[in-house]
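S.K.: Okay, here's what each chain looks like letter by letter:
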Amino acid sequence: MNANAAKQRKERARLRGSVIFILFVILTGLVLTATHHTEDPIANMSDIIDMRQMLADAKQSSEVTVGDAPLGNDPTSVPANSIRNAGITWSALGEVVYDLWFMCAATAAVIVCSYLLKWLKGLSGVKRLPPSAVVQPTRRQRPPTV
Amino acid sequence: MTMSPKPSKAPVTAPVPAQNTGQVTAKTRDRTKLNLFLDIGLTLFFAIEMEVHFTGLALHELLGFLFAAVVIVHIVLHWDWVVSLTLTFFRKLIHESRLNYVVNVLLLVDTVIVSVTGVAVSETLGLNFGLKGLQLTDWQAVHGFSSHLCLVLTALHIALHWKWIATNAEKYLFRFRLPFASHETERESRT
Numbered sequence: 001m002n003a004n005a006a007k008q009r010k011e012r013a014r015l016r017g018s019v020i021f022i023l024f025v026i027l028t029g030l031v032l033t034a035t036h037h038t039e040d041p042i043a044n045m046s047d048i049i050d051m052r053q054m055l056a057d058a059k060q061s062s063e064v065t066v067g068d069a070p071l072g073n074d075p076t077s078v079p080a081n082s083i084r085n086a087g088i089t090w091s092a093l094g095e096v097v098y099d100l101w102f103m104c105a106a107t108a109a110v111i112v113c114s115y116l117l118k119w120l121k122g123l124s125g126v127k128r129l130p131p132s133a134v135v136q137p138t139r140r141q142r143p144p145t146v
Numbered sequence: 001m002t003m004s005p006k007p008s009k010a011p012v013t014a015p016v017p018a019q020n021t022g023q024v025t026a027k028t029r030d031r032t033k034l035n036l037f038l039d040i041g042l043t044l045f046f047a048i049e050m051e052v053h054f055t056g057l058a059l060h061e062l063l064g065f066l067f068a069a070v071v072i073v074h075i076v077l078h079w080d081w082v083v084s085l086t087l088t089f090f091r092k093l094i095h096e097s098r099l100n101y102v103v104n105v106l107l108l109v110d111t112v113i114v115s116v117t118g119v120a121v122s123e124t125l126g127l128n129f130g131l132k133g134l135q136l137t138d139w140q141a142v143h144g145f146s147s148h149l150c151l152v153l154t155a156l157h158i159a160l161h162w163k164w165i166a167t168n169a170e171k172y173l174f175r176f177r178l179p180f181a182s183h184e185t186e187r188e189s190r191t
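Those protein sequence lines, which keep their order, are chains W and E.
The numbering of the first sequence is the numbering used here, which starts it at 1 and goes up by one.
The numbering of the second sequence is the numbering used here, which starts it at 1 and goes up by one.
Okay, chain E solo, but in the shape it has when bound:
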């Protein structure tokens, strides 16, 4: 009497996309690399832009325009993440990236306020919006307040992404191995 083999109960799964199996395509790698270098540049740029005493007013205002442009590029490059998280945010009540998302939205709103008030109080670019006296002081106060808030939010934004930064800095920035880079990076770098 022969026993027929039991049918396997292994679940049938859909084919896993390459990015989930640890195999990183060249396109993804280039994109991540670009994101990392742009983000580092943006951070340095922001720190310089924060200190008007360092740059002087004329350079501060010129760099402000450039900074706004780079922020837009930064958002465009992370657009997939923004879309996917927006969908998840309203679908799931408890999610790990919820705080991250809230901080990012606040940072975006604050950056818009800094940019708009910055343009309004501009003195060296030849843009005259007719703000005088206390009205000008009000706008300057809003610009100053929101820029300091922007520093706090940016610090939080960077802090919440520290694992991503550490992982990719090890891959693309440093020759030596960062001791706190994640396990996934090792697998990715081997493939």
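The following block holds chain W by itself, in its conformation from the complex:
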């Protein structure tokens, strides 16, 4: 009885903590959106492919020279010359924070999904038996092989 109560208390505490974390992620997301530090990495991946195609087309029509090609891990946004000799640019710190936020957001999404799955399992009444409750057939109980 006590063990059950402690378990329920622990579950409630875990849920409370998860809600606080999710709210924190939402709030920081709003702050980052307000300060325009949102650069969707999934959208960026398709942008890079488009950019590569554009550069290839431009090269064929000789409109763009090679020196104008962007560098670094995001060839779509900044030309090479602007980052080549630069040191730490503190104004870009928001982008680092956004990357960290993105990881936190993914974690929050997984937490929400895990609670949803748990809830759905509860609705369907499916309960996993503990390993000790599963009876393993002994050698004597096994049906004879033909």
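A portion of the hints provided could be inaccurate.
Derived, one-sided and incomplete: chain E residues facing chain W with beta-carbon distance under 8 Å [unchecked claim]: (1) Asn-35; (2) Glu-51; (3) Gly-56; (4) Trp-162.
It is worth saying that the hints were derived from the structure and are not from the lab.
These numbers were taken from a predicted model, which means no experiment stands behind them.
Just so you know, even glycine gets a beta-carbon here, dropped at the ideal spot from N, CA and C.
Chain W is fixed; fit chain E onto it per the hints.
M.R.: Leaving out everything else, chain E in the frame of chain W:
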């Protein structure tokens, strides 16, 4: 007439290792602590490394080498987990850690691609691989694409380990109790 006591039907079990009984050895504790701090450092390092505008190209390339080295240390420290899960992966068809394992393998492959393409397009380290024009642009595009994919996979990697992070962050990082740390942690911290 006396009744002889019934023989006990309790199953005879093998001695349980210390780590399964909730008793954590000092060695395990130190290892977990090292893993946690290294993982936090690696996450921050990765976020900084992702933004070339923040560091500038020269520092980005230097940090890239250091990042690759830290990733190798990270894998070595989790080698036991890798080996045990690899064996389980091919033995059992349905397993909780299956998604975790797939994400980790994809992340490893992607990190290798990012590192190799990063070295190939390097400009400030004096490594000249003779890539020019569209060929260089291709490699840069692959580097950019795989690094953004790496961010998505890393986010998923961290998300799938959130219970481990929460549990150990409470033990080793924060003085106060995290409300969502697992029950096992309490038992471990008491012993």
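S.K.: Does each hint fit the structure? Answer for all of them.
M.R.: Quick rundown of the hints versus the structure:
1. For the restraint placing E/Asn-35 at the interface with chain W, the shortest Cβ-Cβ distance is roughly 17 Å, beyond the 8 Å limit, so the hint is violated.
2. Against a cut-off of 8 Å between C-beta atoms, the interface hint on E/Glu-51 holds, since the closest Cβ of chain W lies about 5 Å away.
3. Restraint check, E/Gly-56 versus chain W: the minimum CB separation of about 4 Å is within 8 Å; hint holds.
4. About 5 Å separates the beta-carbon of E/Trp-162 from the nearest beta-carbon of chain W, less than 8 Å, and the hint is met.
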